[in-house]
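According to full-length UniProt numbering, the sequence shown holds residues 1 to 110 in order.
Bear in mind the hints are in silico, worked out from the structure with no lab data behind them. It is possible that some hints are incorrect.
Said to hold, decoys possible - With a Cα cut of at most 27 Å, we get these calculated DSS-like pairs of lysine-lysine: (1) Lys53 with Lys94; (2) Lys48 with Lys68; (3) Lys48 with Lys94.
What the hints assert, rightly or not - Each pair of labels, with its calculated beta carbon distance range: (4) Thr92 with Asp65: 16 to 24 Å; (5) Ser67 with Thr19: 28 to 36 Å; (6) Gly66 with Thr19: 21 to 29 Å; (7) Ile88 with Val63: 25 to 33 Å; (8) Glu80 with Gly36: 36 to 44 Å; (9) Arg21 with Ile88: 27 to 35 Å; (10) Gly29 with Val54: 14 to 22 Å; (11) Val16 with Gly36: 18 to 26 Å; (12) Asn84 with Tyr31: 36 to 44 Å.
Built from N, CA and C at the ideal position, the CB exists for glycine as well.
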Amino acid sequence: MRSNDTPRMMTARSIVFTTDRRIYVVGFGLYGSVHGPTEYGVVVQVLKASTGKVCASHATSFVCDGSKATFRAMFEEPVEIMPNTSYIASATLKLPKISKEETTKKYWLE
Numbered sequence: 001m002r003s004n005d006t007p008r009m010m011t012a013r014s015i016v017f018t019t020d021r022r023i024y025v026v027g028f029g030l031y032g033s034v035h036g037p038t039e040y041g042v043v044v045q046v047l048k049a050s051t052g053k054v055c056a057s058h059a060t061s062f063v064c065d066g067s068k069a070t071f072r073a074m075f076e077e078p079v080e081i082m083p084n085t086s087y088i089a090s091a092t093l094k095l096p097k098i099s100k101e102e103t104t105k106k107y108w109l110e
């Protein structure tokens, strides 16, 4: 990183899931900051667990209001999920720009 770059942190969370019937995933509900209004960049993905093949991926953003509510990060099109198949749901957040003084602080998804 160059000395004049503003540092950014990335954090990813994922879960493995299966279902007993065909469903469609339209997006994820994500928690934001409880420390005030913040805009996040996010990449949401669904992958087939057995192969790692990406079924859907979408880069988007959402603005949280500082509450403990969840905020929507949606796919462009619904993602078909087949029964009795393991999938990985993943969200990678690009955290807000932080000052050089704050680079030692860690930010976590709740």
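Would you pick out the hints that fail for this structure and give their numbers low to high?
-> 2, 6, 9, 11, 12
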